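Hey, can you work out the whole structure from these sequences and the hints?
Numbering (the working numbering), first residue to last: 1377 to 1671.
Think of the hints as simulated: they come from the structure by calculation, not from any bench.
Quantities reported herein were computed from a predicted structural model and do not represent experimental measurements.
Do not rely on the hints blindly, as some may be mistaken.
Restricting the straight-line Cα-Cα distance to at most 25 Å, the calculated cross-link-like pairs of lysine to aspartate or glutamate (DMTMM-like) are [unchecked claim]:
1. Lys1648 to Glu1390
2. Lys1648 to Asp1483
3. Lys1658 to Glu1415
4. Lys1658 to Glu1476
5. Lys1658 to Asp1527
6. Lys1648 to Asp1449
7. Lys1658 to Asp1628
8. Lys1658 to Glu1408
9. Lys1658 to Asp1601
10. Lys1648 to Asp1659
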Amino acid sequence: MSQVSTVPARPGVERLATCRDAAYRIRMGVLEQGEAQGEGYVGQGLGAADVLAVLYADVLHHRADDPDWADRDRFLLSTGHYALLMYAALAEAGVIPREELTTYAADGSRLPMSAMSTYTPGVEISGGSLGHGLGLAVGHALGLRHQGRVDQRVFCLFSDGELNEGSTWEAAMSASSWELGNLVGIVDMNGLQADGRTSDVLRNEPQVDRWTAFGWDAQRVDGNDVGALLEAFDCATSRAGAHGRPQVLVCDTTVGKGVPLLENRERLHFMKIAPEEWPVCKDQLTAGYSRGRHS
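Have a look at this one:
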């Protein structure tokens, strides 16, 4: 079997609307942080915003007023440079004040350019040393099982560039060997890394077949389609448990999604955006969101 065959019930209108609204506000939060610094990993934040919107608005068990709640699900951000996306999601979830987003990467801020657990409430790990996030997630999942916390799940977001790292595949092999059914991996397949197009740096397809060969249940999903993400997470979490096959969602995303000015820009990995372009970016994002609500 090369792909999960279970077809979950389609999400209702209310769930779709909640997650789409959250994705819009998260994207706006990404832009607000980028504008405060004039640069940053804005494109990746816009691209993966739908994934975090679905996670924080619908999937994760968490408490905004108690981010260290013992019975929470764990979300681990392996790609620490996606921090501005994480902060926007935490603001949307009510973990940090939205007005704090403008302090992104400033001296003395709780919101450093690469996410760190020692600085920011709701951040589980200090990511950014790429290729280590999935291994840490394996440790979290195994630890929860040893503690008898059978209802808690671990979600880990990592990039397609991290698939170049052998440590990622060592962790994948360990997760299936130890039957960590409480682990859900999320691959951001945006096709871009610091050295260029991911496919030009190191071939990483076919993804579903590779994960299946490593003993995971794998789904490929449009990572910018909230409805598809809800269905995929419903399927993955319905299979979650203390023992079983780990789950992975391979999410195809577009860097700069929602802002045409940035979707079409070269050298999208780390963006420096002119001051006069930020209002254009926000206007384009809002216009696209408004069209989507009335379509």
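Each hint, compared with the structure:
1. Lys1648 to Glu1390: Violated. Lys1648 to Glu1390 sits at ~37 Å, over the 25 Å cutoff.
2. Lys1648 to Asp1483: Measuring from Cα to Cα gives roughly 19 Å; hence the hint holds.
3. Lys1658 to Glu1415: The hint holds at about 15 Å.
4. Lys1658 to Glu1476: holds, 18 Å
5. Lys1658 to Asp1527: violated, 40 Å
6. Lys1648 to Asp1449: violated, 35 Å
7. Lys1658 to Asp1628: Measuring from Cα to Cα gives roughly 23 Å; hence the hint holds.
8. Lys1658 to Glu1408: It holds: about 9 Å lies between the C-alpha atoms, which stays within 25 Å.
9. Lys1658 to Asp1601: Measuring from Cα to Cα gives roughly 20 Å; hence the hint holds.
10. Lys1648 to Asp1659: holds, 18 Å
Consistency with the previously given hints fails for numbers 1, 5 and 6, ordered from lowest to highest.
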